[in-house]
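Colleague: Using the working numbering, the letters of the sequence shown map in sequence onto residues 491 to 989.
Hints in this document: simulated from the structure, not taken from any laboratory.
What you were told as hints is all true, and nothing was included just to trick you.
Mimicking DSBU-like on lysine-lysine, the simulated pairs with C-alpha atoms at most 35 Å apart in a straight line are:
(1) 829 / 584
(2) 917 / 892
(3) 841 / 587
(4) 842 / 584
(5) 978 / 543
(6) 877 / 892
(7) 917 / 587
(8) 823 / 726
(9) 842 / 830
(10) 877 / 917
(11) 830 / 587
Computed from a predicted structure; not experimentally measured.
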Amino acid sequence: MEIWEMTAVSIGERIRQGEFTSEEAVRSFLDRAEMEEGRIHAFVRLDGDEAVKRAREVDQGIREGRYTGPLAGVPVAVKDNICTRGIPTTCCSKILKDFVPPYSATAADLLEQAGTVILGKTNMDEFAMGSTTETSYFGPTKNPWDTDRAPGGSSGGSCAAVAAGEAPAALGSDTGGSIRQPSSWCGVTGIKPTYGAVSRYGLIAYGSSLDQIGPIGRDAADCAALLKILAVHDPKDATSAAGMSLKAEIPADRDAMAGEARGLRVGIPEAYIGEGTDSAVRNGILQAAEALKQAGAQVETFSLGLEDYVIPAYYVIASAEASSNLERFDGVKYGYRAKKGPEDGLHEMYKKSRTEGFGPEVRRRILLGTFVLSSGYYDAYYLKALKVRALVRGAFDRAFEKYDVLLAPAAPTTAPRLGESLSDPLKMYLGDIDTVAANLAGIPGLTMPWCLDEKGLPVGIQIMGNRFREDLVFRAAFACEALRGTWKEVWKREGGERS
491 MEIWEMTAVS
501 IGERIRQGEF
511 TSEEAVRSFL
521 DRAEMEEGRI
531 HAFVRLDGDE
541 AVKRAREVDQ
551 GIREGRYTGP
561 LAGVPVAVKD
571 NICTRGIPTT
581 CCSKILKDFV
591 PPYSATAADL
601 LEQAGTVILG
611 KTNMDEFAMG
621 STTETSYFGP
631 TKNPWDTDRA
641 PGGSSGGSCA
651 AVAAGEAPAA
661 LGSDTGGSIR
671 QPSSWCGVTG
681 IKPTYGAVSR
691 YGLIAYGSSL
701 DQIGPIGRDA
711 ADCAALLKIL
721 AVHDPKDATS
731 AAGMSLKAEI
741 PADRDAMAGE
751 ARGLRVGIPE
761 AYIGEGTDSA
771 VRNGILQAAE
781 ALKQAGAQVE
791 TFSLGLEDYV
801 IPAYYVIASA
811 EASSNLERFD
821 GVKYGYRAKK
831 GPEDGLHEMY
841 KKSRTEGFGP
851 EVRRRILLGT
861 FVLSSGYYDA
871 YYLKALKVRA
881 LVRGAFDRAF
891 EKYDVLLAPA
901 APTTAPRLGE
911 SLSDPLKMYL
921 GDIDTVAANL
931 AGIPGLTMPW
941 CLDEKGLPVG
951 IQIMGNRFRE
961 DLVFRAAFAC
971 EALRGTWKEV
981 WKREGGERS
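Modelling step: build the complete structure from the supplied sequences, incorporating the hints.
Modeller: Here's what the structure looks like:
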């Protein structure tokens, strides 16, 4: 097996055992990226020289005992809305195309302290607004399983990089499903942690009450190892959960949780597998449910309620917060500034800079957010959306009184063809129906691949847990992996062909 085919945890273990060095691992993934990037475009920035230099420093640190963690020396990719000191961070937008942050996000700093090696920045929907990674200023990312199809979004670059073997693990961000949905479409594993579990300091905001950084890997063990690094209280982030015990609750590896399906209480919200869900996706959920039941879990369907309201509530809240957060990008302090005509005043410069700097999807959401916050419409739309959010949170609270985890799809379909979603924005928004509720409620959700559809595309399952109960989410994920077998075995058995 080539290094680029291994999981992040396996790479870290072999580096510690001296089978190969961090530099060799980094070079393996850089070589793979050189071969794949022409057809995938997962990265917007890949600095091989700096990555090799950093790998040599880490190798020296490992020999000296400064880096001892399970992911020391492991290469990782980072989404382009997570600030990295000295490395351009653009949110894949023209308005930030030349921005180089003077500081790193806490998540990026924690990765560095753990001895990982950042390979580069991954492509994304502009300002994380989109579900296909097609709204990027730098052009779309393509799905490694079928390059005529979308990888999902907005963390499509990170998920595609892991799926194509260009990185063993990556960081993404999830506002309404932006880690979980592309993980499903690309056949990788990704988790949106509990809101507040991972610091948002240095994450360029889209919707501040919804955004959450999370890990993407080849399997649940990779995600668990990364989350143990990231889940710390950060005084620089006012929303960081102080004094939480999440880090201690995350299992160290799958062996610690293998075979733990017996006694697990699993609920399946009926609406998530009802009308509008493709038969292949529904069958995947039912197959996973049956496998868990055969392994001793208690599985039943139930009515969560409020499903018809989560999409409107989410887009009202997210757009309102986007309108507020993106107000700072005005062409004055940093970022793109439009050329000023002789008659242009300050307000005209603002207007031109923002019109030319933001893409159409970002402008659409800013306009929607400004409208719902405006006088006369605040009570009619924004305030009602906040009330629905409270009801959604209450519905999940009641569900978790009865169930340990919830099982659902991460998307109602498998990966669509490129261009299909952009032609119908409303259809793209409705495609988030399976993921946005977790962001409204602030609960964790993990997506892992389960099977292939008739076209040979990955079908993912989503496991949601109560706030700060990632331990139960991972317990269920490890049980599902044990029942499924390795993902490589699945797609070979079912006739899937990787391009």
